[in-house]
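Trainee: Chains A and B supply the protein sequences, listed in that same order. Residues 5 to 118, numbered by the numbering used here, are exactly what the first sequence covers, in order. Residues 56 to 166, numbered by the numbering used here, are exactly what the second sequence covers, in order.
Simulated from the structure, these hints should not be mistaken for laboratory data. Hints may contain errors.
As the list claims (entries may be wrong) - List of simulated lysine-lysine pairs, DSS-like, C-alpha gap at most 27 Å: (1) Lys-58(B) <-> Lys-21(A); (2) Lys-58(B) <-> Lys-107(B); (3) Lys-124(B) <-> Lys-107(B); (4) Lys-124(B) <-> Lys-56(A); (5) Lys-42(A) <-> Lys-153(B); (6) Lys-58(B) <-> Lys-153(B); (7) Lys-42(A) <-> Lys-107(B); (8) Lys-56(A) <-> Lys-107(B); (9) Lys-58(B) <-> Lys-124(B); (10) Lys-42(A) <-> Lys-58(B).
Claimed, not checked - Every beta carbon over 10 Å from chain B, so not counted as near; a handful from chain A, in silico: (11) Val-8; (12) Gln-15; (13) Ser-26; (14) Ser-28; (15) Val-35; (16) Pro-47; (17) Arg-72; (18) Thr-75; (19) Ala-91; (20) Leu-94; (21) Ala-96; (22) Gly-101; (23) Glu-106; (24) Phe-108; (25) Gly-110.
These numbers were taken from a predicted model, which means no experiment stands behind them. Even for Gly, the Cβ is constructed at its ideal location relative to N, Cα and C.
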Amino acid sequence: DAMVIQNPRYQVTQFGKPVTLSCSQTLNHNVMYWYQQKSSQAPKLLFHYYDKDFNNEADTPDNFQSRRPNTSFCFLDIRSPGLGDAAMYLCATSRGGDRDNEQFFGPGTRLTVL
Amino acid sequence: DAKTTQPPSMDCAEGRAANLPCNHSTISGNEYVYWYRQIHSQGPQYIIHGLKNNETNEMASLIITEDRKSSTLILPHATLRDTAVYYCIVRVPGGAQKLVFGQGTRLTINP
């Protein structure tokens with residue numbers, strides 16, 4: 005089945021140690037998103053790629069970066085994780101364009117910072 | 056995008072219809088109403104969307120008032136697996152389809 009895959013499902017890192025989360029999709033969608041969801045809160049958009057165009061949300065910290073080497077893959081890099089970056093990180097995709105397309109979400113990666 | 060207001064929590068008995076309200080009094084003419092839900096420890100899942108007509112699919116029905124200032128998501132025969140946080144989002148379709156999630160309604164289906 006076509007889907008959005010996130011690896012790993014659980015990631016533990018140390019304070020200040022760079023970490024990379026990965027997302028892949030078999031839907032061939034144009035747009036890929038990264039959301040951060042802290043405990044008991046709603047998901048919050050960090051940034052998205054529309055094809056190769058990167059779009060950062062205004063309040064996304066510089067500590068968060070993203071790469072999209074091809075249509076299928078997108079990475080979230082946290083350069084120096086702090087304790088406050090512990091959260092669920094959700095990847096999503098959509099076709100984009102003029103149609104009212106839905107977003108498809110992956111299962112998320114839960115990041116723990118020690 | 057217009058702001059939405061939802062009750063923080065609701066309960067419903069298994070097998071009964073669950074009716075989840077959403078207020079979006081500042082919605083503009085070209086904004087759609089979208090519903091997503093998030094089951095515990097999973098990513099959000101699209102349910103349904105609409106502009107002004109009532110919509111129905113295999114998961115739910117969406118009733119939008121004539122003035123479009125509020126809507127109701129209806130799960131016709133709720134099951135325990137429908138326990139989740141339900142998010143009502145209004146936005147203009149097209150482009151990058153960015154979603155701005157509010158706090159949603161935590162729906163608990165009781166046996």
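Trainee: Which numbered hints turn out to be false for this structure?
Mentor: Structure breaks hints 1, 4, 7, 8, 11, 15, 16, 20, 21, 22, 23, 24 and 25.
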